[in-house]
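Here the sequence shown is numbered in numbering that gives the first Met the number 0, starting from 0 and rising by one per residue.
It is worth saying that the hints were derived from the structure and are not from the lab.
None of the hints are false.
So the derived label-pair ranges between C-beta atoms look like this: (1) S61 <-> E101: 32 to 42 Å; (2) N55 <-> E144: 19 to 29 Å; (3) R130 <-> H63: 18 to 28 Å; (4) S78 <-> N126: 16 to 26 Å; (5) R82 <-> E54: 15 to 25 Å; (6) A142 <-> P99: 16 to 26 Å; (7) V30 <-> F135: 18 to 28 Å; (8) E144 <-> R77: 13 to 23 Å; (9) R130 <-> T67: 11 to 21 Å; (10) V72 <-> T141: 15 to 25 Å; (11) G27 <-> A147: 16 to 26 Å.
Remember, predicted model here, so these are calculated numbers, not experimental data.
For each residue, glycine too, the CB sits at the ideal point set by N, CA and C.
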Amino acid sequence: MEMVKTTLLAVVLATASASGKDFSLTIGNPVAVALPDGVNPVVKKKDAGMAVRVENCADVASSHVTATAEGIVNGARRSVPLRLVAATTLGAYAVSRDWPWEGAWVVHLTGHCGASTASAVVPFGPNGFIREASKFFPRAATAAEVEAVLKTLSGGAQ
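Please take these sequences and the hints and turn them into a complete structure.
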């Protein structure tokens, strides 16, 4: 029986490797995630700035995502930790919109799935997140990469 389990695990791992898909994060509109019924979440859909979902994670239940808003307000650099509320779909979250409306802001997301890490830097404009200007990484984004997206968004002001 142990041999069958080992062989099955090897086949599953080989199939996952053959697909060529690495762990990553995807972003979307917060209305795309269903929040649990009967729960009074800290973040309601109307208070969420975006949704994030883990992709290609073999153990989604143990995956973890963090989010921070990084911004420049009146020439001063700011950082605001953000709250995430788990959606009814495993690995999907609503991201709180806890940063001020004034200034230039990006959301820095970092996800972990086992030993894998993926991240995204998502700029925000007056109408919400700017998908086409978002940057996705198959690793943790560096501070310089976050700053570069923020600098582009703020027109070079730092």
